[in-house]
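Each chain is listed here by its residues.
2 protein chains.
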Amino acid sequence: MTQFIGTSDICALLRRTGIEPFLTGLAGSIEADFRRWESFEKAARLASHSCNGVIELMPASDGELYAMKFVNGHPGNTAAGKLTVTAFGVLADVATGYPVLVSEMTILTALRTAATSAVAARALSRGDSRVLALIGAGAQSEFQALAFKALLGVEEVRVFDIDSEAMDKFCLNLAASGLRIRRAGSVAEAVDGADIVTTCTADKTRAYVLTPDLVVAGMHLNAIGGDCPGKTELHPDIVARAAVYTEYTPQTRIEGEIQQLPADFAVTELWQVLAGKAAGRSSADEVTLFDSVGFAIEDFSTLRYVRDLSRAEIRDIDLIPDLDDPKDLFGLLAAQSQRLAPRLGDAPAPGDPTSANASTDVSLLPA
Amino acid sequence: MTQFIGTSDICALLRRTGIEPFLTGLAGSIEADFRRWESFEKAARLASHSCNGVIELMPASDGELYAMKFVNGHPGNTAAGKLTVTAFGVLADVATGYPVLVSEMTILTALRTAATSAVAARALSRGDSRVLALIGAGAQSEFQALAFKALLGVEEVRVFDIDSEAMDKFCLNLAASGLRIRRAGSVAEAVDGADIVTTCTADKTRAYVLTPDLVVAGMHLNAIGGDCPGKTELHPDIVARAAVYTEYTPQTRIEGEIQQLPADFAVTELWQVLAGKAAGRSSADEVTLFDSVGFAIEDFSTLRYVRDLSRAEIRDIDLIPDLDDPKDLFGLLAAQSQRLAPRLGDAPAPGDPTSANASTDVSLLPA
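Going line by line, the protein sequences match chains A and B. Letter 221 of the first sequence, counting from 1, is numbered 221 in our numbering, and no numbers are missing. Counting the second sequence from 1 gives a position; our numbering is that position plus 1000.
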């Protein structure tokens, strides 16, 4: 049997562990895998674009486990009462190719994106960062806030969204989080005085959510909403002047903020910083930018982490046949039904034109 | 909720419809989609190779529905009691990106491969073909035999496998099929007098399952076991001399029998024949070869066909969250648990280091 973790199971798991401890553990899992980056087989995700959005397949393998995430991005979905991003993931055993786990990843993608953001910020932001500005109060926003609280000790979150109901929701959801929540009237008001700025908006356009005048020395920028060709959030001058860190650069050149810049614009991959192979922030005044589009290794880490953590939250589904004789796939059908392979002498099903031995059978019937 | 079709559901569906009618309908679905080939977004599958085998992702979209199959190929699996090929598939709605169906595809892959083989043979083989030679009596073999019976009126199947137990299984499974089954002592004996030869072996090597001396004028060759770089079944001279038909040529050049030939070796895509845009067999003496590696559109057709055909065989799974407010993903967690976002005034969980308002709460407790 294949293991299955549904949305209700993830909710039960998070209920058992608590969200912040879960995020802390998940960040550790992601960071450990980023440190062994070179041991993974990596590929830019396989995207299928349509006028409404994109459907992507994101595989990664370390030679023992293979992970694959199916994820969509449809900015217009919320107007129809649907999520912008939904996802599910699969873990498979590389030695046999068998899928061993299917899991919901809509909730997990929000958690892993937040955990990855916090891993990057922990490595790249100023150590005294306590104030986070969040531009965008959509489905990912609370997870971002809690990950920065849990991993960096952020104390205050300033939020802005053009959708005031989304801000209401954000403030209500985090009212008892222990964070000081400040509702801003504009992007400028949210960003003013912030140590870290996360942009998590969903428009499928070249947007200037942040403009150069709002960015001050020492800020760490965490740009996660620009993750698709033609979908960016930052003014190109911000990107050009920042120290830019990426996940998997071949993918980020196509999908990230740096798609606005020449293909030879210098970037550093985050894993290099985490593995001690490249420098992070060079001074308290530098502006650092994590140009995050999401990478398959993060999903690999997440699926493995969740599988290891789950107990009663895992169910079984019959996704793959379990055979006594692996060459006898057909026997699985026959074993469950005599009708599938009618025996000589059986009366054919009425009007069954596929029973080539029908005439033989009919001759056995009384005339 | 997302729909789910497990292996037991597919068995129940086939029990209700019968295998041959199912194959006939499936072939119609595949042929209809091949005729509108140009309306699909196509990509060579995304393969992850390891020393034991390969894991592949196969997406296809017609702009309304998106299909994706996860499939492995591990020839050594049977020695460990496991299937060489396992698979599952997903259908998603292109307009929203939501996955709408997850289905087992191990059984379905055997059925769709057989149906596609028969669709190709119906278009390419001599109309008077009645004798099929099957080289390889593994998991796919019975499905091949039944598809050729149902779609071409094949009456006799000659089978050979180096594994005599696999042949026992094949003969037993099809004893009451209405086909004349002949157990051959060698490839040559199986092929002698056959109108159509299907090779469905699993070795991950450059094998010469068929050699040129065994191929006579007028034969149709259906080569389905060579489907991976370095994995072929036919002597290259057979391929070079035949009229070769492919599914999606960019993929077949890498994975099919024609990987043994120069990259400019002329081939015709099967869909062109089905759509009346290219000629099929030119004479009763021509040797035709369907160099089949399996293509994502076949899986697309299969998933849609099965979804349309299924009734009670479809279950629901909670793969994707269903939210009142699509921006309130976090609320899904909070709704299921008070512990996730402790309210002010709640006592913190013992030893919970993540509750930043713990000190506030403690001060509310009796001294």
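I should point out that these hints are in silico values taken from the structure, not numbers from a laboratory. Glycine included, C-beta positions come from ideal geometry on N, C-alpha and C. Accuracy of the hints is not assured; some may be wrong.
[Claimed, not checked] DMTMM-like, lysine to aspartate or glutamate: derived pairs with alpha carbons at most 20 Å apart:
| id | chain 1 | residue 1 | chain 2 | residue 2 |
| --- | --- | --- | --- | --- |
| 1 | A | K82 | B | D1322 |
| 2 | A | K82 | B | D1316 |
| 3 | B | K1082 | B | E1165 |
[Said to hold, decoys possible] In silico negatives: residues of chain A with every beta carbon more than 12 Å from chain B:
| id | residue |
| --- | --- |
| 4 | I107 |
| 5 | D192 |
| 6 | G230 |
| 7 | P250 |
| 8 | L309 |
| 9 | L329 |
Do the hints match the structure? See the list:
Simply put, K82(A) and D1322(B) have alpha-carbon atoms about 8 Å apart, close enough for the 20 Å limit, and the pair holds. Proximity of K82(A) to D1316(B) is assessed by CA-CA distance (about 18 Å); at most 20 Å being required, the pair is judged to hold. Our distance criterion of 20 Å between C-alpha atoms is met by K1082(B) and E1165(B), whose separation comes to about 16 Å. At the 12 Å boundary, the C-beta of I107(A) falls inside the reach of chain B, the nearest C-beta of that chain being 6 Å off.
At the 12 Å boundary, the C-beta of D192(A) stays outside the reach of chain B, the nearest C-beta of that chain being 24 Å off. With a minimum CB-CB distance of about 17 Å to chain B, G230(A) clears the 12 Å threshold, and the non-interface call stands. For P250(A), the shortest C-beta to C-beta distance to chain B comes to about 14 Å, beyond the 12 Å cut-off, and the non-interface label holds. No beta-carbon of chain B comes within 12 Å of the beta-carbon of L309(A); the shortest separation is about 15 Å.
A cut-off of 12 Å between C-beta atoms contradicts the statement that L329(A) is not in contact with chain B; the least separation is 4 Å.
In this structure, the earlier hints numbered 4 and 9 are contradicted, and the remaining ones agree with it.
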